[in-house]
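Engineer: Model the full structure from these sequences, guided by the hints.
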Amino acid sequence: MVNLKPLLFALLPVVTTPRTALRNLPAYAATNLSQTPAYITFVHDSKHKHKLCRKTWERGRPAIDGERITDSWLRRISTCECRWRFRVTQDELLDMAEALEIPEYIVTPSQYAFDNIEALALTLACFRTAGDQYEMSTTYCHSQSAISEIVNYIVTFIDSRWSHLLDFDHTNLLSPHNLETYAAAIHGAGAPLTGVWSFIDCTIRRLTRPSQWQRVAYSGHKKFHALKFQAIML
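Read in order, the letters of the sequence shown correspond to residues -22 to -1, 1 to 212 in mature numbering (1 follows the signal peptide of the UniProt record, and there is no 0).
Treat each hint with caution, since some may be false.
[Claimed, not checked] Restricting the straight-line Cα-Cα distance to at most 20 Å, the calculated cross-link-like pairs of lysine to any residue (SDA-like) are:
#1 K206 with F105
#2 K206 with I178
#3 K206 with W191
[To be verified] Label pairs and their computed distance ranges (CB to CB):
#4 F146 with R193: 28 to 36 Å
#5 P154 with R39: 48 to 56 Å
#6 T107 with S141: 24 to 32 Å
#7 L144 with P87: 18 to 26 Å
#8 L78 with D43: 26 to 34 Å
#9 A108 with P154: 36 to 44 Å
#10 R61 with H148: 28 to 36 Å
#11 E45 with L157: 46 to 54 Å
#12 A77 with R106: 14 to 22 Å
#13 G173 with N150: 16 to 24 Å
#14 D43 with A167: 47 to 55 Å
Think of the hints as simulated: they come from the structure by calculation, not from any bench.
Glycine is no exception: its CB is placed at the ideal position from the N, C-alpha and C atoms.
Structural biologist: Given below as structure tokens:
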């Protein structure tokens, strides 16, 4: 359906303003709709005011609510709930923050402040949930932008600090000798080929149709938009 509101705003000054008055206006005044009597009358009309003066909280975004993640908060919830929220227990979460050497106090570029426990917990919660970060903002008392920044920070930090462990282990696990051992075991189990030493595994996570790059995210096999996570299984 064609939206006639821009055309209506453009025609209101011409229709309602006397021709003699238009000749006395500066050349740019015809496009300055906010100064025309017709526009002012339209805006102050209670029937249309709510359409032009929408507030940001009326755009469908949830209110920030819940409670921030602290050590005491983690101790109050059950082990089962903690594992459901973060896929790890309370003790495992504390040990991970220490083992990964995450800074004790973090300030993001937009001046959002977190401690290492909360930062890691939000990252785990983000990867665990199928919802978006606005949904998380209703549970963990942070805005979506704050959650986004801290998750990006933790992912970048782990990738930078522990990059030597994230690369292929060419000297041990994936050494030439071990690859021959893996291939011999697979061939001995009945595989006709002698050079196969691992298998590619793919996990597909469905997502909402994106506003951009739809063709890239579309899976022709599954017939929906999704992200693919591939790994080599030994």
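Engineer: Now look at each hint and say whether the structure bears it out.
Structural biologist: Structure-based check of each hint:
Taken as a hint, the K206 and F105 pair is honoured in the structure, with Cα atoms around 14 Å apart against an allowance of 20 Å. A hinted pair counts as satisfied when its Cα atoms are at most 20 Å apart, and K206 with I178 qualifies at roughly 12 Å. The suggested pairing of K206 with W191 holds, with an alpha-carbon distance near 15 Å, which does not exceed 20 Å. The given range of 28 to 36 Å is respected by F146 and R193, whose C-beta atoms sit roughly 31 Å from each other.
With their beta carbons about 55 Å apart, P154 and R39 fall inside the hinted range of 48 to 56 Å. As the Cβ distance of T107 to S141 is approximately 26 Å, the hint placing it in 24 to 32 Å holds. Look at L144 against P87: about 24 Å separates their beta carbons, and that is inside 18 to 26 Å. Evaluation of the 26 to 34 Å hint for L78 and D43 yields a pass: the beta carbon distance comes to about 29 Å.
Checking the proposed 36 to 44 Å range against A108 and P154 shows it holds: the Cβ atoms sit about 41 Å from each other. Between R61 and H148 the beta carbons are some 35 Å apart, a value that agrees with the proposed interval 28 to 36 Å. The hinted range of 46 to 54 Å is satisfied by E45 and L157, whose Cβ atoms lie roughly 50 Å apart. Take A77 and R106: their Cβ atoms lie about 19 Å apart, and the range 14 to 22 Å holds.
For the pair G173 and N150, the supplied restraint of 16 to 24 Å holds, since their beta-carbon distance comes to about 21 Å. Restraint check, D43 to A167: a C-beta distance of roughly 54 Å satisfies the suggested window 47 to 55 Å.
Of the numbered hints stated above, none is contradicted by the structure.
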